[in-house]
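K.L.:
Respectively, the protein sequence lines represent chains A and B.
According to the numbering used here, the first sequence is numbered sequentially starting from 8.
According to the numbering used here, the second sequence is numbered sequentially starting from 28.
The set of hints was computed from the structure by calculation and includes no laboratory data.
Keep in mind that a hint or two might mislead.
[Unchecked claim] With a straight-line Cα cutoff of 27 angstroms, these simulated DSS-like cross-link-like pairs (lysine-lysine) come out:
no., chain 1, residue 1, chain 2, residue 2
1, A, K198, A, K181
2, A, K229, A, K200
3, A, K198, A, K19
4, A, K198, B, K55
5, A, K181, A, K19
6, A, K229, B, K34
7, A, K292, A, K19
8, A, K294, A, K256
9, B, K34, A, K200
10, B, K34, A, K294
11, A, K198, A, K229
12, A, K200, A, K19
13, A, K229, A, K19
14, A, K292, A, K256
15, A, K292, B, K34
16, B, K55, A, K200
17, A, K292, A, K229
18, A, K294, A, K229
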Amino acid sequence: MTAIDMTAEARKRQRSLITPEGIDLRLEIASVGQRLGALLIDLLIIVGVIIGFTIAAFVSAGMLGFRTMEMVGVIWLLGLFLLRNGYFLGFEMTARAATPGKRIMGLRVASRDGGRLRFEAIFTRNVMRELELFLPLTLMLAAPATGGIGGWMYLLGLIWCGVFVFLPLFNADKLRAGDLVAGTWVLRTPKQKLLRDMADDGALHQPDFAFTPAQLDAYGVKELQVLEQVLRSGDRPTVRAVADRIAAKIGYERGPARDIDFLHAYYHAVRGRLESRLLMGRRRKDKFDVA
Amino acid sequence: MSDLQLKSQRFRREREADWRRLETLVTKAETRSAGALSDTEILAMPVLYRSTLSALSVARATSLDQALIGYLESLAARAYFFVYGARSTPQEQLTAFFSRDWPGGVRAMWRETLIAFAITALGAVVAWWLIGSDADWFYAFVDPQLASGRDPTAAAATLREGLYHTEGSDGLSFFATMLFTHNSQVALGAFALGFALGVPTIVLLLMNGAMLGAMLHVFFSKGVGFEFGGWLLIHGVTELFAIILAGAAGLRIGWAVAFPGDRSRLEAISETGRAAGAAMMGVVIMLMLAGLLEGFGRQLITSDVARYAIAAGTAVLWAAYFYAPRPARPAR
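Extracted from the complex, chain A is given alone in its bound form (with noise of 0.2 angstroms):
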C-alpha cells in the first residue's frame, strides 16, 4: 500500500508544465527536507574547502616568506568572498543548473515560467541568501551575553529571520524568498534508468496459462502497477503472497506452475487487456472501476 501513499504524496508536489510542443511535462517541486539535504551537503563542502584553503594559504606564506605574505593573503580574501558569493552561482550556472548537492539530492534549479533560466534570477536567488542564511547564522553566532532588553532585542531578531528561513514551509511551491524574488523554483528530475518491461518475461510464459476474459476483468490499472512494482522487486515471500491471493481471488487452479511464471504470465495477459481498453479510449482506474 505504500506505493499508492507516495503516488497520492507525489501528486500534491506535481506541478504542469507545458512545453510548446503542448505536452505537460508533469514536473515534481522538491520537497523542503530534500532541499534542506542539498544545502548542508553544500555548506559541508564550503566549510571544507575553506579550511582547506585555509590551512594551505598558511602553508604557502610560511614556505615563501614574508615578502609574498601579501598576495597569499588577497587570495586567500578573494577565494572567501568568491566562495560564499560565487559556489551556488557558479555551480547553478552549468547546464545541470544545480549545485553539487542538489545534484546528490537529484534537484536542479528552474524558471518558474517555462522560459529559460537567466543569469540575474540565479545571481538574485542567491544574493538573497544573505536574509536567509547568513543573517541568522551570525545572529546566532553573535548570541548577547547579558539579558533585560538585549536579550528581548534578540528574540525578537531571531523571530523575524525565522519569518523568512521558514518561508519554504508555508506556500505550496516551498519557495523560498530568493525563489520568490528571482522568480525561479527547484524541482525534482532524478536520472531515471530505462527498467527492463516486465511484459517481456510474461509473453515467454503465456502459452503455459490460460485465462477467461473474466479472469482478466478481476482487476484495474492501479492493481496492475502494484503487480509491477511486485514482479520488479522479486522478493520470494511476496511474491508468493501475492500469487495465492489472486488466484484465490480468480479462482484459477495454478497446479504445479512456479509463483513467479504464473504472475509474470497473469500480469502480461492482464496488461494486454487492459492496453486494448484503453486504446479505445477506456482506462480503468481500479478493480472498483466497472464499466
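Based on the hints, put chain B in the right spot on chain A.
P.N.:
Here is chain B on its own, set in the frame of chain A:
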C-alpha cells in the same frame, strides 16, 4: 512469439534506440558542458527531444508500463531544460549585460535611487547637526575601530597627516581586497534585506549617511574639510553611488512586496527582482573599482587637485553610462 507481444512492447522496441541516444547526449551535456557536443549532436538534440516527447504522449495514452512512463517523463524534462535552456554564449551574455541589462536596471529605478540618496543625505545632516550640539554623539555613529583616532578630540594636524599618509605600496592590494569584499557584502546585504519591506535597507542607508555626516563634521570643524573631501571622494563617488544603488534595489524589492500594484504579488516580486538583480551585479563591479581606487589610487595620489579631478571624472563617467540618452534599439 511476436504475435504474443503487446502493442506497447513493440512500441518500446521500435523507439528505444532514439531514447537511449537522447539520454547519452543529455548526460554528456549535463556532466561536461553544452560545448562538449559536436555539431551533429547539437542538431540531433531537438529532433530526438521532439520524438521522445511524442513518444511520451503516446505512452501515456496507450501503455501501462509505469517504469517506461517514468523514464520518458524524466528524460523529456531533462532534454526540455537543455533545448529551451540558456542558449547564448557567455560572450553574448556579457555584451547584453554591459550594454543593456545593467544600465537599464539602474535607469529603471531612478525614483528609488533619488529616495535612497535623500535617506543617506538625511542621515548625514542629522548626524552633523547632533554632533554640532554635542560632540559625544560622534561615538554613536562611528565605530571607534573604523575611526582609528579620527574623532572630535583629534588635533587638526593629526587629521591632516592621516589624509596623506602613504605607507608605500606595501599592503595596498590586501587593503583594497579587504575594502572590496567588506563593502560588497554590505551592499549585497542591503539589497537582500530589502525583501523585509525595505525597512532594514532604510536603516542601513541612514547609518551609512550618519557615519558620513559624522566624519564630515569632524574634519570641517577642524578646518581640513577641503582636503578630506578629496580623500573621500576619489573613491567615494563610486562607492557611495554603489551603496545608494544597492539600497535603491532593496527599496524597489520591498516596495514590490508591499504594493504589487495590479500584478499578482508573486509576479511583481519576480519581475522587479530580475531587473534589480542586474543592477546589483553592476554594484558589485562598481565596488570592486571603488576598492581599487581606495586601496591604490588614494594611497599613491596625494595631490588634492588630482583627487578631486578623479572624483569628478568618475562621477561624469557613471552618470553618462547610466543616464545618458542612447538610441532606441529595436524590440527583441
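K.L.:
Looking back at the hints listed earlier, which ones does the structure fail to meet?
P.N.:
none
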